[in-house]
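Use the sequences and the hints to build the structure in full.
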Amino acid sequence: MGELRLMKGNEVIAEAAIRCGCDGYFGYPITPQSEVMETLMTLRPWESTGMVVLQAESEIASIHMVYGAAGAGKRVMTSSSSPGISLMAEGISYIAGAELPCVIVNVQRGGPGLGTIQPSQADYNQATKGGGHGDYSLLVLAPASVQEMHDFVILGFELAFKFRNPVMILADGVIGQLMEKVELIDQRPRWTNEQILEISGEWATLGKPSGRKKNIITSLELDSYMMEKNNLRLQSKYSQMKAEEVRYEAIACEDADYILVAFGSAARICQKTVQIARKKGVKVGLIRPITLFPFPEKIIAEYATKVKGFLSVEFNAGQMVNDIRLAVNGKTRVEYFGRMGGIVPTPDEVETALEQRF
Amino acid sequence: MAKVRGAVVVDNDVCKGCNLCVVACPTQVLALNRNVNNKGYHYSYMENPENCNGCTNCSAVCPDSCITVYRVKAEA
Amino acid sequence: MSVLTDRINEIIKPENLVYAKSPLLNDDLMHYCPGCSHGVVHRLIAEVIEEMGIQEQTIGVSPVGCAVFAYNYIDIDWQEAAHGRAPAVATGIKRVMPEKYVFSYQGDGDLAAIGTAETFHAVNRGENIVMIFINNAIYGMTGGQMAPTTLVGQITSTTPHGRDVDLNGYPLRITELLAQLPGAAYVTRQSVQTPGAVRKTKKAIRKAFEIQAKKIGTAFVEVVSTCSSGWKLSPVDSNKWMEENMFPQYPLGDLKDTGRADAELYRIKAK
Chain A
41 MGELRLMKGN EVIAEAAIRC GCDGYFGYPI TPQSEVMETL MTLRPWESTG
91 MVVLQAESEI ASIHMVYGAA GAGKRVMTSS SSPGISLMAE GISYIAGAEL
141 PCVIVNVQRG GPGLGTIQPS QADYNQATKG GGHGDYSLLV LAPASVQEMH
191 DFVILGFELA FKFRNPVMIL ADGVIGQLME KVELIDQRPR WTNEQILEIS
241 GEWATLGKPS GRKKNIITSL ELDSYMMEKN NLRLQSKYSQ MKAEEVRYEA
291 IACEDADYIL VAFGSAARIC QKTVQIARKK GVKVGLIRPI TLFPFPEKII
341 AEYATKVKGF LSVEFNAGQM VNDIRLAVNG KTRVEYFGRM GGIVPTPDEV
391 ETALEQRF
Chain B
368 MAKVRGAVVV DNDVCKGCNL CVVACPTQVL ALNRNVNNKG YHYSYMENPE
418 NCNGCTNCSA VCPDSCITVY RVKAEA
Chain C
11 MSVLTDRINE IIKPENLVYA KSPLLNDDLM HYCPGCSHGV VHRLIAEVIE
61 EMGIQEQTIG VSPVGCAVFA YNYIDIDWQE AAHGRAPAVA TGIKRVMPEK
111 YVFSYQGDGD LAAIGTAETF HAVNRGENIV MIFINNAIYG MTGGQMAPTT
161 LVGQITSTTP HGRDVDLNGY PLRITELLAQ LPGAAYVTRQ SVQTPGAVRK
211 TKKAIRKAFE IQAKKIGTAF VEVVSTCSSG WKLSPVDSNK WMEENMFPQY
261 PLGDLKDTGR ADAELYRIKA K
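Protein chains in written order, with the working numbering: chain A, 41 to 398; chain B, 368 to 443; chain C, 11 to 281.
Since the hints were derived computationally from the structure, they do not count as laboratory data.
Be aware that one or more of the hints could be misleading.
[To be verified] Looking from chain B toward chain C, a few residues come up when the C-beta cut is under 10 Å (computed):
#1 ARG372
#2 ASN386
#3 VAL389
#4 VAL390
#5 PRO393
#6 LYS406
#7 MET413
#8 PRO416
#9 GLU417
#10 GLY421
#11 CYS422
#12 THR423
#13 CYS425
#14 VAL428
#15 ARG438
#16 VAL439
These figures come from a predicted structure and were not determined experimentally.
We put the CB at the ideal spot given by N, CA and C, even for glycine.
Okay, here's the thing in structure tokens:
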């Protein structure tokens, strides 16, 4: 068993990054995720593992530093919160277009605009539908516990390199600020230059030895036919993600008449709602999408023929509900309940909403 | 006395006829050809090759790196 | 005539070669317009990298603008950055591979307008990178619009009546500003319109790369350049226009050559 600690979600992001052998973090402070960089700066991993940590002048600069370092085949990441992720949209699109692996953490707060610093899930559409310009997708992981904040950093890098695609950890202010027990992995070494050469030497800009073609990191292609080919390659990657990487948790769904669908901290609240409802004799289950892209549409489609309805519970105006409706495809009722502006609903509120809607 | 003699080779297909080498040449060796290359440019050529001393001024200012320069020391 | 041809052929022999294009520059035909300064600066960078023997350790970062395709011509590894972000991309590369040589290559729109923040902060951090800045006072690629460095009165497609300070403000001498930053090690402004100027610029680029090896701060080389298509002049007339109009606003020479500042000058006295 690994080391057990009581930690904040944001701190764990930093700890997990160091321990999994991350090569670099580039970020910019923003509430409610500033503890990520603060923790890294306090731990000074450049003295232990050699991991680089740099406070950039903006989120724009930090995501493009990630672009550069990821283009060098390194395992690099950034973190921010909603307004900062909007600023990063440009860089994320370029990273997806140039097919670079990296991990981006969004500890969401309420918007639009400067919004609030309270927790929110209002960046669901931004995260799962690309967020920037062009046809691209991020692989999106939604942690619902401090332990998952830890685990998804490690998983995030694995998936990022498997697909040469940016992975987003879509957390929220609750998970970021929450303190929980977490089991940490033991320190893993950073990749050596030889390992990087073996893993990413075909495309990474490591310096061109004579005899190999130059490696060019770019998202630019002016030939329309080539650009369509590039797009088709990206799309086939996303199809592969849908086939291989869907993750979800189904709780008490087998006999359920109604299923709540919720991710992240909303799912924790809904777990309690399931208990409350079942005490009242209403058979309620919960599906918690862990990957928001690829979305667990199959399992939802399967239950669509068995249940009387789905209730999507989100800290936003109803974003994931549309993906549920697409998966359900009219076979049963799909309703939405949510709060906005940083308000976190109680389990009873969700239970009341369920009763009212069905 | 040893006299320096030179010659330049212009890659006709690469030259864009910008005329910068012609102006840079201190001994008026180069000129733009009346003929055009396959891109339609009047490429540079040695109009007065006997004047060339291989100074490399033309290749220095050439934006398309299409000039190669040779130089020998020859008896006058 | 044949006697002359024979004499020329006698000279054109490998043992008499005094200048040939660097093998680092490949045979791809450059997409630049006739007379474009980019081609000369590309060649100088290739020559410096070749002469220093650092081809296998050098990574270039190309901008958005005419030089976006710089990666097509110089045979080293490259990254193509988003508009203005080259200094951030170069920072990312250099920070995770401090043993490599990293240089960014940007035009005036890229470096001095949309990428001003990235430019300033990379230099202010004293990133150990080389930054090459091509200043031709116009947006070449998009069709000759006003750049931050466009001169007052200069006609561009977005200042069709000439740049007006009431409307557009002043030409930005960003290099002078960067020279003030403590992270800057070497800041110079050069040009490539004459053989002599080309040789000076090559020396400056070489020096910039050597400074990178010393890790004493950012080396910044501005090259005042022409854009004959944007300026609607012949290449030869562009050079004249540049000498007459650009040089008074953007005077050539070194602006700083001291290495980055001593941190002690900036340190707090007590905690």
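Violating hint indices (sorted, rising): none
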